[in-house]
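**Student:** Below are the chains, spelled out letter by letter.
Protein chains: 10
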Amino acid sequence: MDKLEMRHTLLAAKARKKMSWDDIASAVGMSPVWVASACYGMNSASPDIAKKICTTLDVDGDIAEALVAFPTKVWDEAIPQDPFIYRLYEVVGVYGETLKDVVQEQFGDGIMSAIDFTMEVDKVEDPKGDRVLLTLNGKFLPYKSW
Amino acid sequence: MDKLEMRHTLLAAKARKKMSWDDIASAVGMSPVWVASACYGMNSASPDIAKKICTTLDVDGDIAEALVAFPTKVWDEAIPQDPFIYRLYEVVGVYGETLKDVVQEQFGDGIMSAIDFTMEVDKVEDPKGDRVLLTLNGKFLPYKSW
Amino acid sequence: MDKLEMRHTLLAAKARKKMSWDDIASAVGMSPVWVASACYGMNSASPDIAKKICTTLDVDGDIAEALVAFPTKVWDEAIPQDPFIYRLYEVVGVYGETLKDVVQEQFGDGIMSAIDFTMEVDKVEDPKGDRVLLTLNGKFLPYKSW
Amino acid sequence: MDKLEMRHTLLAAKARKKMSWDDIASAVGMSPVWVASACYGMNSASPDIAKKICTTLDVDGDIAEALVAFPTKVWDEAIPQDPFIYRLYEVVGVYGETLKDVVQEQFGDGIMSAIDFTMEVDKVEDPKGDRVLLTLNGKFLPYKSW
Amino acid sequence: MDKLEMRHTLLAAKARKKMSWDDIASAVGMSPVWVASACYGMNSASPDIAKKICTTLDVDGDIAEALVAFPTKVWDEAIPQDPFIYRLYEVVGVYGETLKDVVQEQFGDGIMSAIDFTMEVDKVEDPKGDRVLLTLNGKFLPYKSW
Amino acid sequence: MDKLEMRHTLLAAKARKKMSWDDIASAVGMSPVWVASACYGMNSASPDIAKKICTTLDVDGDIAEALVAFPTKVWDEAIPQDPFIYRLYEVVGVYGETLKDVVQEQFGDGIMSAIDFTMEVDKVEDPKGDRVLLTLNGKFLPYKSW
Amino acid sequence: MDKLEMRHTLLAAKARKKMSWDDIASAVGMSPVWVASACYGMNSASPDIAKKICTTLDVDGDIAEALVAFPTKVWDEAIPQDPFIYRLYEVVGVYGETLKDVVQEQFGDGIMSAIDFTMEVDKVEDPKGDRVLLTLNGKFLPYKSW
Amino acid sequence: MDKLEMRHTLLAAKARKKMSWDDIASAVGMSPVWVASACYGMNSASPDIAKKICTTLDVDGDIAEALVAFPTKVWDEAIPQDPFIYRLYEVVGVYGETLKDVVQEQFGDGIMSAIDFTMEVDKVEDPKGDRVLLTLNGKFLPYKSW
Amino acid sequence: MDKLEMRHTLLAAKARKKMSWDDIASAVGMSPVWVASACYGMNSASPDIAKKICTTLDVDGDIAEALVAFPTKVWDEAIPQDPFIYRLYEVVGVYGETLKDVVQEQFGDGIMSAIDFTMEVDKVEDPKGDRVLLTLNGKFLPYKSW
Amino acid sequence: MDKLEMRHTLLAAKARKKMSWDDIASAVGMSPVWVASACYGMNSASPDIAKKICTTLDVDGDIAEALVAFPTKVWDEAIPQDPFIYRLYEVVGVYGETLKDVVQEQFGDGIMSAIDFTMEVDKVEDPKGDRVLLTLNGKFLPYKSW
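Residue numbers (our numbering), protein chains in the order written: chain C, 531 to 676; chain D, 531 to 676; chain X, 531 to 676; chain Y, 531 to 676; chain G, 531 to 676; chain B, 531 to 676; chain L, 531 to 676; chain A, 531 to 676; chain F, 531 to 676; chain H, 531 to 676.
Hints were generated in silico from the structure; no laboratory data involved. Quick caveat: nothing in here was measured; it's all calculated off a predicted structure. Think of the CB as a built atom: it goes at the ideal place given N, C-alpha and C, for glycine as much as any other residue. Please note that the accuracy of each hint is not assured.
To be verified - Listed next, the stretches of chain Y that the computed footprint assigns to chain X, with coverage defined by at least 3 CB atoms under 8 Å from CB atoms of chain X:
no.: 1; region: 561 to 572
no.: 2; region: 592 to 598
no.: 3; region: 605 to 613
no.: 4; region: 654 to 668
Said to hold, decoys possible - With a cut-off of at most 30 Å between alpha-carbon atoms, the simulated DSSO-like pairs for lysine-lysine come out as follows:
no.: 5; chain 1: Y; residue 1: Lys674; chain 2: B; residue 2: Lys674
no.: 6; chain 1: L; residue 1: Lys548; chain 2: F; residue 2: Lys581
no.: 7; chain 1: X; residue 1: Lys547; chain 2: D; residue 2: Lys674
no.: 8; chain 1: A; residue 1: Lys581; chain 2: A; residue 2: Lys533
no.: 9; chain 1: D; residue 1: Lys674; chain 2: X; residue 2: Lys658
no.: 10; chain 1: A; residue 1: Lys582; chain 2: F; residue 2: Lys674
no.: 11; chain 1: X; residue 1: Lys533; chain 2: X; residue 2: Lys582
no.: 12; chain 1: C; residue 1: Lys582; chain 2: F; residue 2: Lys581
no.: 13; chain 1: L; residue 1: Lys658; chain 2: B; residue 2: Lys674
no.: 14; chain 1: X; residue 1: Lys658; chain 2: B; residue 2: Lys653
no.: 15; chain 1: G; residue 1: Lys548; chain 2: G; residue 2: Lys582
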């Protein structure tokens with residue numbers, strides 16, 4: 531079973547169970563963004579967590595194996611089109627150079643890891659319109675000289 | 531004076547004054563990421579803030595006018611190459627679809643605004659290696675039906 | 531059922547019923563452009579409207595569910611080829627910079643939302659050749675400084 | 531004098547005169563969007579109008595000649611990056627196919643001309659946030675068969 | 531039935547009938563280039579002509595409906611590869627700017643329509659090698675000022 | 531002197547002399563499209579014709595040398611943006627496959643040469659709007675088998 | 531039967547018959563490169579040669595018809611990836627401008643035809659490593675002036 | 531002195547001396563294609579040959595140094611536009627896969643080197659039109675297994 | 531059987547046998563990277579090695595034939611997206627020019643072959659985090675002059 | 531002084547001093563590849579090393595400051611053209627997927643860092659042609675789950 535088939539099965543099971551990502555995340559003891567990305571096939575799960583996801587969503591063990599497999603991470607469009615995802619791309623375009631300068635001024639020459647990395651979504655209620663809070667947390671990796 | 535010349539002048543003045551973005555931000559009463567982006571030419575400042583930036587960095591009033599001008603926001607590469615900026619692009623590629631699902635499940639069909647939007651950088655000290663914390667805060671905009 | 535299958539079913543039903551978008555729009559109490567975009571899978575409908583669309587077109591309830599689902603909005607060609615759509619793209623290319631200046635002069639630094647947004651099509655009869663009137667109506671969003 | 535130099539001269543004169551596009555448009559008896567696009571070098575003016583623009587902005591007659599010249603219309607990016615212009619591009623991507631169907635249902639097989647074409651910008655005040663109204667008005671051109 | 535299936539059916543029928551485009555064009559009273567483009571799915575036919583094409587090629591009435599449908603015109607490669615089509619693309623690249631100047635000098639600022647447009651192919655016999663004569667005939671559309 | 535400088539000089543001289551391409555073409559005994567393309571730097575002239583062009587436009591002999599040089603033919607955009615040139619590109623996209631079939635049916639497997647090639651522009655007056663007539667005339671080259 | 535199916539059939543038959551392109555070429559009295567390109571679907575064969583190819587490879591007459599059909603020549607990648615084909619592309623990149631100059635110095639302004647064109651492959655044995663000899667033979671086509 | 535300046539100097543000297551590539555090649559004892567590519571900056575010369583080229587063309591010793599420098603080989607367009615160079619690209623596109631098969635059948639799995647490589651241009655006179663003969667000669671390199 | 535089917539069969543057999551690439555490589559007496567690349571379809575094996583791979587993985591002889599076939603080497607994305615592969619691409623981008631200079635300074639003008647080439651992967655244990663050691667070993671090929 | 535000017539100055543000084551990268555690397559106590567990349571502007575040096583590089587090459591202190599500045603790492607071509615660099619790109623294309631599998635089998639799901647990374651060049655003398663040995667050494671970074 532490949533990641534694509536796994537993903538269809540898991541999303542269908544999630545719909546059938548009427549569970550949110552928060553529900554599943556609580557059930558397996560992980561974070562909603564990570565659980566969703568694993569079910570979308572963009573991260574691998576440990577055998578233990580994979581089993582918990584399958585139990586929670588009532589799907590059989592083949593799926594657990596597919597969740598454990600190491601994914602090849604690819605996306606469809608170099609420049610995303612869906613407005614939700616494009617806005618994130620736009621933020622990288624507009625603020626990328628600024629962030630590089632502000633972060634490197636504090637941390638030195640290096641990058642924020644996208645591998646040793648976690649991310650959370652929060653909702654901030656606001657009478658003028660609720661706000662989405664995305665928190666990206668990545669290890670700083672200094673460039674090596676040798 | 532265009533934004534490019536303004537930017538060179540401001541970055542040179544910043545280096546001469548040996549001030550960090552934090553220092554300038556405190557002096558003008560705004561956030562470091564926003565101040566840096568205005569000095570890079572990717573945001574416009576109000577006349578009042580523009581004047582404060584110029585005073586802080588000891589540059590003359592033409593610069594203030596350039597800071598107030600409404601920028602055309604463009605970036606050089608559709609797919610960024612500098613490793614710092616590429617990692618952010620990679621996060622959008624790997625997690626974009628996941629984030630869309632997690633956010634829309636909580637907020638309904640819509641997007642996180644990149645216009646009614648703020649962003650902060652923080653440093654989390656960690657014995658295994660300090661971590662960069664990026665916080666994106668955007669108003670949720672529901673799609674309209676009509 | 532995904533949006534693509536939904537779309538084929540709805541367009542076939544529309545042909546079978548010999549209804550125009552105007553007819554369907556009147557029947558469900560919404561605007562023709564929005565109704566068409568929802569049936570094409572580029573907007574989500576509320577459960578209530580989805581049900582009305584299905585009743586109007588005599589299709590079953592699975593379709594209603596697909597109309598309610600939040601779409602991922604993508605299009606086939608970065609630069610459109612069909613002459614009808616290309617002309618719109620050309621207008622953006624030729625007048626984009628001009629519009630930005632004219633609008634921002636009146637409204638300040640910001641954008642016209644494509645999310646809090648509606649659009650209408652009208653026909654203006656003219657002996658020298660009828661004219662198409664497209665009206666785009668989007669909320670102005672000022673850039674935030676912080 | 532080429533269109534680029536003309537444009538810089540006209541925009542500088544406009545700033546010096548502290549006139550808005552509305553002011554200039556009233557003075558020359560044309561529409562603001564068209565006047566702005568001619569000054570940006572994306573449309574040619576008749577000798578008569580060109581002279582009026584020059585008189586209004588107090589610039590000399592070489593500029594009039596440049597305004598009269600037939601432009602080669604090009605734009606910098608196949609996919610625009612500035613958020614203002616991108617939102618228009620996004621509208622074409624999201625609604626292009628829908629518009630083609632809605633318009634052709636009413637008018638027959640053909641296109642909306644981008645040449646025999648006018649456009650207006652209006653401001654609709656709204657307590658929840660002012661709205662931008664763009665009106666595109668193009669002659670319908672039926673495909674010929676032969 | 532979509533345009534692709536229609537096209538396969540019509541080309542197969544044409545081969546079976548051993549008719550040339552000239553033969554079919556004469557039978558239906560239209561021009562060979564237009565008839566071929568309608569059968570390839572790049573133009574729509576009136577119901578009357580569609581019926582004649584179907585009668586001429588002995589195919590059933592579903593095909594007529596597909597011929598009448600308004601096509602979405604797309605092509606596979608932004609830069610064509612087949613040597614026949616590439617040579618036409620090359621002519622546009624090499625002579626495009628020249629033609630713009632020569633035509634606009636005679637007609638004023640505007641374009642040659644590709645919609646109100648016809649095209650013919652002729653063969654000029656020549657002892658040094660026969661020559662292909664392509665005649666493009668498009669309405670001149672002056673840019674509007676407003 | 532390179533082709534670009536030559537072109538600027540020749541277009542300036544043409545404006546100064548207030549001659550049309552037709553005027554120059556008559557004076558040198560060649561066709562307007564070819565003369566324009568040589569002056570734009572997209573074709574080389576024989577020394578004899580080059581001299582006549584220089585005499586006609588009152589420019590000195592360096593220009594003649596540049597007219598005689600063999601050009602490297604390049605154009606700026608793989609997909610043209612100016613509406614005049616784009617319409618020609620669109621014709622190639624919409625009708626390319628059709629033309630290949632219609633021509634090869636008459637001539638056999640091969641191409642229309644873009645090298646052994648001439649082109650003319652004519653104006654057809656028409657009360658409903660004048661029409662542009664482009665005539666492309668290229669030698670048919672059959673594919674060789676060996 | 532289309533060219534793709536033809537190609538699979540012919541390559542399978544060739545493998546079954548354990549014949550090399552040289553063997554087939556000798557049997558049909560043509561050159562190996564041309565025979566291979568016809569079987570790959572990149573050239574059309576005369577009915578006579580097509581029949582000989584079919585007889586040699588013991589395949590039935592439908593294949594002959596497909597060999598006679600005029601191909602649309604397309605290739606998968608604008609920049610080839612397979613190392614064998616990339617090296618040829620690299621030669622065009624590195625030496626293209628040089629070849630243009632060397633050939634045009636000898637022949638005048640024009641091109642080497644890729645249509646009235648043949649090509650051969652030879653093996654030159656060499657103790658330091660055998661060498662591949664590719665010979666391209668194309669008619670010189672002078673640019674026409676008119 | 532960089533390769534670009536070197537190239538301009540050498541081509542100007544060649545024009546001044548009215549020497550062909552054949553003349554220069556004979557004078558320095560190398561092949562015309564190689565000499566031209568070295569002067570264009572796409573190959574490096576040994577100090578000895580560099581000096582001979584400079585002597586032959588009467589240019590000073592800085593040029594010799596630039597001829598000896600190891601070039602970075604780049605070209606302007608991924609898909610060439612000049613018709614002369616495009617025809618070579620087209621040959622690679624149309625025949626690349628065929629050549630790979632024909633050559634590998636004779637030589638085994640591997641490539642024709644573009645580094646251990648030479649190339650010649652010859653003219654074959656022909657009453658029906660002279661022909662260009664390009665001979666590419668590259669060492670066959672078998673893929674290694676390990 | 532084509533390379534894609536072969537690859538699926540071999541990877542499935544490897545999973546069933548629970549063998550690592552190291553295990554298979556030892557069994558067939560070749561290196562793990564090469565064995566993996568042959569099973570992925572990016573290198574051809576000799577008949578002898580192909581048979582050993584099939585015996586080791588208990589698959590039948592058709593697979594051996596597919597392993598022996600000469601592959602056409604293509605990859606999906608010009609710019610890789612999976613983070614593992616992108617990091618290698620980034621190394622080529624960041625260090626490519628540097629490596630060219632450092633290697634050519636030692637070896638002269640030429641390249642490192644990617645054909646007469648081997649590669650190994652090693653693991654270096656390190657308390658601060660294990661390290662990956664990639665060793666690329668390619669024959670130096672000097673450019674020929676002729 | 532920006533990185534580009536710094537690079538020109540350093541390469542000129544290196545040529546003047548007739549030092550190899552090995553010589554400079556020994557003098558400053560770092561590795562040749564790293565020293566070259568810092569001088570090319572693709573890595574930043576510590577103030578101490580920067581001073582040593584300047585002393586070794588006899589250039590003044592402004593250069594040291596430029597060496598210390600944090601670079602924005604960009605490269606000219608998404609797909610490199612110079613044959614030396616292209617071969618490295620080809621290795622990533624041909625072996626990227628293979629390496630991912632071989633490395634992840636040994637190390638788990640993760641990547642080889644291109645930041646905590648070093649690289650060496652060695653020469654292996656060989657009577658059949660010397661070989662280039664590139665050694666890449668990067669920390670393995672496991673993907674985090676959270």
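**Student:** Evaluate each hint against the coordinates.
**Tutor:** Each hint tested on the structure:
1. 561 to 572: holds (count 6)
2. 592 to 598: With 0 residues closer than 8 Å to chain X, the region 592 to 598 of chain Y misses the three-residue bar; violated.
3. 605 to 613: Since 6 is at least three, the answer is holds.
4. 654 to 668: Answer holds; 13 residues pass the 8 Å Cβ test.
5. Y:Lys674 / B:Lys674: violated, 38 Å
6. L:Lys548 / F:Lys581: At roughly 21 Å apart (the allowed maximum being 30 Å), Lys581 (chain F) and Lys548 (chain L) satisfy the hint.
7. X:Lys547 / D:Lys674: Holds, at about 28 Å.
8. A:Lys581 / A:Lys533: holds, 16 Å
9. D:Lys674 / X:Lys658: violated, 36 Å
10. A:Lys582 / F:Lys674: holds, 18 Å
11. X:Lys533 / X:Lys582: holds, 18 Å
12. C:Lys582 / F:Lys581: violated, 42 Å
13. L:Lys658 / B:Lys674: violated, 36 Å
14. X:Lys658 / B:Lys653: holds, 22 Å
15. G:Lys548 / G:Lys582: holds, 17 Å
The structure fails to meet hints 2, 5, 9, 12 and 13 from the earlier list, while all remaining hints are met.
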